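Peer 1: Full structure from sequences and hints, please.
So the protein lines, in turn, are chains A and B.
Just so you know, the first sequence maps onto residues 2 to 357 in this note's numbering.
Just so you know, the second sequence maps onto residues 2 to 357 in this note's numbering.
Misleading hints may appear alongside valid ones.
Identical copies go unnamed one by one, so any copy, or any two together, can satisfy a pair.
What the hints assert, rightly or not - Each computed DMTMM-like pair below joins lysine to aspartate or glutamate, with the alpha-carbon atoms no more than 25 angstroms apart:
#1 LYS244 x ASP57
#2 LYS94 x GLU164
#3 LYS74 x GLU164
#4 LYS238 x GLU308
Hints were generated in silico from the structure; no laboratory data involved.
Keep in mind it's a predicted model, so treat the numbers as computed, not measured.
The primary structure of each chain is shown beneath.
There are 2 protein chains.
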Amino acid sequence: MWKVTEQDLESIAIGAGILGTGGGGNPYVGMLRARQMIREFGPVKVLSSDELNSDDRIICVGGIGAPTVGIEKMRDKQAYYAMRAIEDYTGLKATALVSNEIGGSNSLEPLIPAAISGLPVVDADGMGRAFPQYHLKTYFVYGAPYAPLALADEKGNTMIIPEAISAHWVERMARAVTIQMGCVACYATTPMNAEQIRNTAVLDTLTLAKDLGDAVKRAREQHEDPIAGILDTHPGKVLFQGKIVDLERRTTQGFARGKVTIEGIGGYADDHMEIEFQNENLIASISGDLVCIVPDLICIVDTERAEPITTELLRYGFRVTVLGFPAPDLWTTPEGLAVAGPRAFGYEVDYTPIVI
Amino acid sequence: MWKVTEQDLESIAIGAGILGTGGGGNPYVGMLRARQMIREFGPVKVLSSDELNSDDRIICVGGIGAPTVGIEKMRDKQAYYAMRAIEDYTGLKATALVSNEIGGSNSLEPLIPAAISGLPVVDADGMGRAFPQYHLKTYFVYGAPYAPLALADEKGNTMIIPEAISAHWVERMARAVTIQMGCVACYATTPMNAEQIRNTAVLDTLTLAKDLGDAVKRAREQHEDPIAGILDTHPGKVLFQGKIVDLERRTTQGFARGKVTIEGIGGYADDHMEIEFQNENLIASISGDLVCIVPDLICIVDTERAEPITTELLRYGFRVTVLGFPAPDLWTTPEGLAVAGPRAFGYEVDYTPIVI
Chain A
2 MWKVTEQDLE SIAIGAGILG TGGGGNPYVG MLRARQMIRE FGPVKVLSSD ELNSDDRIIC
62 VGGIGAPTVG IEKMRDKQAY YAMRAIEDYT GLKATALVSN EIGGSNSLEP LIPAAISGLP
122 VVDADGMGRA FPQYHLKTYF VYGAPYAPLA LADEKGNTMI IPEAISAHWV ERMARAVTIQ
182 MGCVACYATT PMNAEQIRNT AVLDTLTLAK DLGDAVKRAR EQHEDPIAGI LDTHPGKVLF
242 QGKIVDLERR TTQGFARGKV TIEGIGGYAD DHMEIEFQNE NLIASISGDL VCIVPDLICI
302 VDTERAEPIT TELLRYGFRV TVLGFPAPDL WTTPEGLAVA GPRAFGYEVD YTPIVI
Chain B
2 MWKVTEQDLE SIAIGAGILG TGGGGNPYVG MLRARQMIRE FGPVKVLSSD ELNSDDRIIC
62 VGGIGAPTVG IEKMRDKQAY YAMRAIEDYT GLKATALVSN EIGGSNSLEP LIPAAISGLP
122 VVDADGMGRA FPQYHLKTYF VYGAPYAPLA LADEKGNTMI IPEAISAHWV ERMARAVTIQ
182 MGCVACYATT PMNAEQIRNT AVLDTLTLAK DLGDAVKRAR EQHEDPIAGI LDTHPGKVLF
242 QGKIVDLERR TTQGFARGKV TIEGIGGYAD DHMEIEFQNE NLIASISGDL VCIVPDLICI
302 VDTERAEPIT TELLRYGFRV TVLGFPAPDL WTTPEGLAVA GPRAFGYEVD YTPIVI
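Peer 2: Quick look at the structure:
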């Protein structure tokens, strides 16, 4: 057990920015929101999965919408409203919260209802990264229920999906209503038990996010290379370094979609990298050859300070380093790849794990 | 009390086609579906509002979507699924069903869950005509609750809206999910009590629909004028007669929208009528002068047989008679007009009642 204090939030935001592979909602905005709640209600306890009891009921909450909108129309307490709505619907009170995805602001989203209601959060999430759609969670791949689900906006509108024929249909219905709600909403799933968390979640990821951020901050303070600090903390590798020379990005059907082109610098001077994204970075190639494929993680950080850059903040001229990390093991099984491999995103290629 | 038998359905469908003012879903399709259910489960009892008891719980069901899609992708038992979903959500079992709108196939929609579950229907509806959107009901204008609401498709997906800041927000969320469901779904509202029905519904409209259809059929059989039969049964007037010479119609944002132009014949030979519609006919003008304005009813029937023509079936060359009827009194109050007057549909004109 540890506690998330105000001082931890900056580290978690940096780490979640890296693990978010460009998405999951702007982590800086998430940090500001979580800080306000922790200042008002106090630090939030973090339980590891083996500290959970058999009668615990863990509700997963998350933000849904387009990150491009989320930085202009900030979320407030929607995750708390959604938690209350699913509690009312199921008649089951939460004893803990858990993140839907460790990437971006969604890593911090559970802290808001947890702080308000005095509940702990579990050190785990349902992706070990970020993904653009609701159904792309290890929870659901390995049998935790994808419905009922509650959705809430900031105005006082809520929706429940009692049942659906698939997690993908929950995504379709929730996304359609999210767009009506102004492209920014939060959801809460039906409570999971401790065994479901242990069997279906990517574990210890809030600690990992904090450790990554701590390493970056420490390296910056000691005038060392923060990118080396990242790779010492979490095994991965540098895929490319260069300058952003082209960017296509549009907000469509509730997503931020596009492609970024990076011209090589230094040892990469004769090459260019292209990265395609849908909220998150999905596939990276160097001069036409694929070098990192979803569900492996493709993370763009600024070369000097290793500050992660989410897809909605990419800009022409940024000097960036692209990092690759292996996907969590739960994603590289046949069941995992069927849900979140390259073909699930429309890329007619096989998944080839990056070698680090 | 009377019973809807298989033989009554054709009359109700004709009457509901007239009262539907072009919308409410294709009445012929609705008749075929209701006939199948009544053949399988037997006739359905119809209770007048004064036969209701104080402990009755009356669920309103309706179809939602675009009529242009509904004639190709027919509804099945979605209204029954939606009824069960709202019963499960509220914990309250229905003792009767009621129509959301007497127009088109929606007049017959409650017969399907009623037949399956052996419940009666109430001789009333929430519009006394048809309207293109959920929130346009006298029920809600006069205080019956617009939420919770359940929505169901044919595949096994359901949605509940537990609360919303207005009936219009229920419409926005339900419409967005309906489009995902394939533009054809059914909803069920939280149960109303007998007093709410008596105070907020347009009463005796299922009987009116049947009487209108009986009058048309009788006139046809006796080689009399079926249009005179309509006007003898329900006070209204002939607004125009002619031939359809132009038609714009598109299915957009879940609605069938457009405009029909009719060239005068006989006593109307030098004029032309334009009617604008959004699922239903909303505003009619003769050579530029408004002659019938929503919420008054604008009904297009074929001149020879008085068969009502819904907006999705309008075609170039049809010889038609346009009838006008006064709106039910519940719509012509300031509260009623605020919700369903011409300005609510974007027409910057005042409502002027037709004179008959």
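Peer 1: Between LYS244 and ASP57, at a C-alpha cutoff of 25 angstroms, which is it: within one copy, between copies, both, or neither?
Peer 2: Answer is neither: 48 angstroms inside a copy and 70 angstroms across each miss the 25 angstroms cutoff.
Peer 1: When no copy is named, should LYS238 and GLU308 be tagged within, between, both, or neither for a Cα gap of at most 25 angstroms?
Peer 2: within (16 angstroms within a copy, 73 angstroms between copies)
Peer 1: Classify it for me, LYS94 with GLU164: is the Cα-Cα distance of at most 25 angstroms met within a copy, between copies, both or neither?
Peer 2: Both ways: LYS94 and GLU164 sit 20 angstroms apart in one copy and 19 angstroms across, limit 25 angstroms.
Peer 1: Have a look at LYS74 and GLU164 and pick one of within, between, both or neither, based on CA distance no larger than 25 angstroms.
Peer 2: between (30 angstroms within a copy, 22 angstroms between copies)
Checked against the numbered hints above, the structure breaks only hint 1 and satisfies the rest.
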